[in-house]
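Undergrad: Residue numbers (the numbering used here), protein chains in the order written: chain A, 1 to 385; chain B, 1 to 385; chain C, 1 to 385; chain D, 1 to 385.
Mixed in with the good hints there might be a few duds.
Identical copies look the same in the list; a pair holds intra-copy or inter-copy alike.
[To be verified] Subject to a maximum C-alpha distance of 20 Å in a straight line, what follows is the list of computed SDA-like cross-link-like pairs (lysine to any residue):
no.	residue 1	residue 2
1	Lys4	Arg59
2	Lys45	His266
3	Lys341	Gln156
4	Lys243	Lys378
What the hints contain is simulated information worked out from the structure, not anything from laboratory work. Bear in mind that the values here come from a model prediction, so they are computed numbers and not experimental data.
Single-letter residue listing:
4 protein chains.
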Amino acid sequence: MKRKIRMGMVGGGKGAFIGSVHRMAAALDGRIELVCGAFSSSPEKSKESGLELMIAADRVYTSYQEMFKEEAALAEGERMDFVSVVTPNHMHFPVCMEAMKYGFNIVCDKPMTLNLEEAKKIEDEVKKTGIVFCLTHNYTGYPLVKEAKERVKAGQIGEIRKIVVEYPQGWLSSKLEDSEQKQASWRTDPSQSGASCCMGDIGSHAENLAEYITGLKISGLCADLTTFVPGRRLDDDGNVLLKFANGAKGILYASQISVGEENSLHIRVYGTKGAIEWDQMNPNSLVMKWPDRPMETLRAGQAYLGKAALGSTRVPPGHPEGFIEAFANLYRNFATVLSNKLEGKASSDIELDFPKASDGVRGLAFIETVVESSTSDKKWMKFKE
Amino acid sequence: MKRKIRMGMVGGGKGAFIGSVHRMAAALDGRIELVCGAFSSSPEKSKESGLELMIAADRVYTSYQEMFKEEAALAEGERMDFVSVVTPNHMHFPVCMEAMKYGFNIVCDKPMTLNLEEAKKIEDEVKKTGIVFCLTHNYTGYPLVKEAKERVKAGQIGEIRKIVVEYPQGWLSSKLEDSEQKQASWRTDPSQSGASCCMGDIGSHAENLAEYITGLKISGLCADLTTFVPGRRLDDDGNVLLKFANGAKGILYASQISVGEENSLHIRVYGTKGAIEWDQMNPNSLVMKWPDRPMETLRAGQAYLGKAALGSTRVPPGHPEGFIEAFANLYRNFATVLSNKLEGKASSDIELDFPKASDGVRGLAFIETVVESSTSDKKWMKFKE
Amino acid sequence: MKRKIRMGMVGGGKGAFIGSVHRMAAALDGRIELVCGAFSSSPEKSKESGLELMIAADRVYTSYQEMFKEEAALAEGERMDFVSVVTPNHMHFPVCMEAMKYGFNIVCDKPMTLNLEEAKKIEDEVKKTGIVFCLTHNYTGYPLVKEAKERVKAGQIGEIRKIVVEYPQGWLSSKLEDSEQKQASWRTDPSQSGASCCMGDIGSHAENLAEYITGLKISGLCADLTTFVPGRRLDDDGNVLLKFANGAKGILYASQISVGEENSLHIRVYGTKGAIEWDQMNPNSLVMKWPDRPMETLRAGQAYLGKAALGSTRVPPGHPEGFIEAFANLYRNFATVLSNKLEGKASSDIELDFPKASDGVRGLAFIETVVESSTSDKKWMKFKE
Amino acid sequence: MKRKIRMGMVGGGKGAFIGSVHRMAAALDGRIELVCGAFSSSPEKSKESGLELMIAADRVYTSYQEMFKEEAALAEGERMDFVSVVTPNHMHFPVCMEAMKYGFNIVCDKPMTLNLEEAKKIEDEVKKTGIVFCLTHNYTGYPLVKEAKERVKAGQIGEIRKIVVEYPQGWLSSKLEDSEQKQASWRTDPSQSGASCCMGDIGSHAENLAEYITGLKISGLCADLTTFVPGRRLDDDGNVLLKFANGAKGILYASQISVGEENSLHIRVYGTKGAIEWDQMNPNSLVMKWPDRPMETLRAGQAYLGKAALGSTRVPPGHPEGFIEAFANLYRNFATVLSNKLEGKASSDIELDFPKASDGVRGLAFIETVVESSTSDKKWMKFKE
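Looking at chain A on its own, in the form it has when it is part of the complex (with noise of 0.2 Å):
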């Protein structure tokens, strides 16, 4: 392909947080380029953001439903090739579906939409329109995540027995909401955010990346949500005891209260055979442990790794990476496969190695299946389809 991939956004306009992270992680490998946005709802704010991004100001639109319609009518080539959708959870649906009506692709953040049933229509529509869509479980681009997951699937831990995994965080301590914190704001509001604050927005995170690496799904539940701050419209924490279909067991918790911690996503999962521990604050390190020989220590860019993860680093061992180049990771997949498509190429199955709608829908079934069990006095709950 000899021209870049050319990437529309809708929201990310000033003080929001995730969109500048999808433009980052988008622009970093040189590959694609942002040519047109509506990065607000308030068409003021949507123009001075375009200018501060130095769009050209005829693509710079005050609605997606104008973006969307305007960029079809332009050519191939020239017209953006995919929509990010980092919009406030509450707006993920509606801007997808229409989105999909003129079979533009699709980058969206995640949860994917504010319910379960919203989440289903886009994996149907998805699949009706043969659209590419990345949904942005962002964790799962680490390098050292696809190795794990590569391990386990090798058989190199054995049989899986249990799985810790868990997602401190403590920025939401105090009623942050009630000052002008914009991230805090939506997030503890139902409307926008969804049936849950701390599981929808890390929560959710801590599933995705348990079922990537391990290949198990969670069948039940046994769910604990609190909402510490008082006054607060949503849960602030949340512990869950996990069965999966397996048998093995496990324990997911996800915290916004736990104060000094940042953004402490960790998982451990013991096999028969031997043990696999990730941690995203130091996550070019993966630990192996083993019953009868010592623990060994994979580092990010080493020749001994496989291929998904060897692929995924841009730099020597050593050189740090972080979480704007795996957010990049998914970006790159999700762009070579645009491209395959565009070319009428197939792509194989390291390519294809991004999150998608069928991920969307497990966050979503997740997501209400944590509230429901937490407000049941019936200790397992059927994990939700």
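Given the coordinates of chain A, assemble chains B, C and D onto it according to the supplied hints.
TA: This is chains B, C and D only, laid out in the frame that chain A set:
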């Protein structure tokens, strides 16, 4: 007091693990001497062990009954001052009850008894006889565990919201009890170990540590115990959701099938103002986390620590102390309180800081509650009293 | 400024390492676009690389001379604004000198030249032409390195007494230059690399980092360089005693034969009041140690950091940033200063915080001093000027 | 042997640091009992200390001369079997020489004497008398230090190229000797401490550790000692370049003014095939690094370790052992060899694994060489013999 405190021992013969720990812990500070023992239910083994330990032949007994009787007949200052009970769990109760008949003071390994009923009987008898009783929940002997307790009590982390305590081990990942491994055999045998293997052996340590540091009591829980190794007669893994009396929530998990884990007792406590974290495998550091200033790492032996912590180290900062020293701190406080008693002196709070029969009762209540909860369909189970 | 800054590149064709790092660093923030290049001394390779990078065919040049001439003929706003020089060391000097004839601004990889004499000529020419010049001693781009500098400057650790800076790698433990490994080949070839391999390639980073953070200058040194791999033409290891102008002492060591080490640049600075420690492989933490209070761990992105550090992170605390982001911080500051210049605005100290030609002169002086010291019987060698 | 080994002590009265360490180390395994002592040069203090230690009053002596004379007159089995010499440095020589007159076996703290000449005399006298002599370079007592030695000897890391050993402390950052701090006073007093403070007290440990693990001898060095604290009479910091007999190079540094450091003895050894790293403050782990496979972390107590390491742990993996246990390993081996001697049995290599008078000679040679080198203009100084 111008003489050493005299210790007898029941159990701890050849092949035992915890007996030698008790002996080293007692010996370390040069204030306690081992003068007699009934080291095994086999008279021959007991004799052999006594010889190896270089104990006078006439004070190596063939049964604990004999030992108590004979020692009681000796003069004060010659006879043992206390007995260390280091048998498998099922013998704790009869040995302790017999010892108390003669008024011997006791150090007893944990869990205190096979069941809650026995535990309460011991607690009652301790009260009645007025003996000094120490239960070796040894992890509370670590200096920085004491510091954590003190800082929590002083309100440094505010009102507690969340407690995460975990204790993974991997040594029972395969069916070790089928080999000659004595430690595995009795721990997985309900008649010697009690209603639980994993929760009794190590889960109860986690429970004790959490309640010790926070000063809170578990009020309810929801447990999921599992036996992963086929043919094993007791649980080898357990995950528990916790509720505390003040409204705090928590997770406790213990495991003996977490391959590659050694002895990873680890606790995190989050309050409204800060958090505290301690890890048994790195015991000379205590981490405190704050919402608005850098994380601090407190180190054993440093002058900025409180009295309880400082009084529990023997060497300057940076000279690591470990498991045996922490265990010895229990013995040292016990010996001090015993000396005080023998001299008719009162003991200070810092001297009295070692686990007692009431901790043993909590421990058995914990074990019985998790076992019952684990087979129940009901989500929450009230903590037994 | 309403347009992106336009970058040309000399070097960085297929198989290069540092060229792609420069491109990613430049692309990350969406403010710089690569518009032209002479990517290889082989015209064909240059074309191929240009095609792969999706650069307009007429702006892929076959030599840097051609590129400067042709680009200079284009209109401002169309022609490149600056050139990135990412060739092996021996080409830095001719390319930079040629670029300055046309008044092009420059980003140049380090070490700046083959020798001190050339370095001084570049420094002079930069002054004369008034171009903006950035030398990519990229480790000073890390947020917590900036924080360290700021805190040292503010006197938080008192008067500096001791500096320990080390940079071990293991990748040249065997004779990699005998294989087709391009990176190893030119670095061990004196005609391309200069008087030193290990000290030139990484020792100079250590020197730069130490002087950047402490604000002190090395005044004398005693070096022991070694070539461990038989047949290698330059040093692959070096140990150096340091004296600083204020009386501080230090150790600097660099190694390419420290098997198993990746890229362990690490610095500790001890003053009369406190100490500071930073580790490139764990770059988002900065440790401060005190004589009388707990060690503190400062974390990237936290609100308690200074302006320079906070302005150099792109994501919230706990979302690790790494090597590429730090490198991008140099590009960002360079681009800002260049923008300011194009718009006739002055730049702030924070914007001007990137390594300059004077750093390049220090670097070459360091290299020449250690090489001379290493073969001398005299203990101390004055740092060249 | 059916009885405990009997220990006397010279020094170690109230306020001493190392005396109590020796007592705990000796007591830990229950095989040695303290029976007599001359605990202080002040007869009163000696009596008080003896009382506190609960030693029979008639065996608390007022001088070491008296003690040796009186004890020698007692029957074998009653009199002390060996003496522990735990005075300040300047008394090691006269006490040891006097003890050997009576044929007493000796455990002596390090450095062995005030100077090399004295050290050689002790070595000669030990040979002549045939006594068992142990010098407490205690860091070689750590299980994983023994493992490191064994693995290096077995060739696992190939031919050694580079050794980096460091020992920073911060406790003498201010002029502590002006206060009543006894430890600081004698260590900074040349008449009690010898020619060096920092290098004598801790640098010699680093030297001993490096030679113990690698089996190599330092052949030459280049030292830079500094006294940072104004008015101090001896060095409080030192940096040293090393040459080893096999061509390996190294760095050794020790410091007592590295604010915030506790007791950070740390060693890295790089060979042609691999590397080994050990850190005294995290002593139960040993890291091995490889060019082409993941880094391994070996853990104390694990079955994959060699005999020397396994025989030096007392509790299962994950139950941290520390400084006192390592120290006790020296005492245990010493006691075993002494028992063997008393019983006329030969000792194995593993039993004989403790530092001897020859280590003391190396230590003093090291101290004298660095002191001389530090004031010399010559770069390299041959290691004294």
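Undergrad: Treating 20 Å as the Cα threshold, decide for Lys45 and His266: within, between, both or neither.
TA: neither (37 Å within a copy, 44 Å between copies)
Undergrad: Could you place Lys341 and Gln156 in one of the four classes (within, between, both, neither) given a Cα distance threshold of 20 Å?
TA: neither (35 Å within a copy, 51 Å between copies)
Undergrad: What label fits Lys4 with Arg59 when the C-alpha limit is 20 Å: within, between, both, or neither?
TA: both (17 Å within a copy, 17 Å between copies)
Undergrad: Using 20 Å as the alpha carbon limit, work out where Lys243 and Lys378 are close: within a copy, between copies, both or neither.
TA: This pair counts as both: shortest intra-copy Cα distance 15 Å, inter-copy 16 Å.
When held up to the earlier numbered hints, the structure conflicts with 2 and 3 and fits the remainder.
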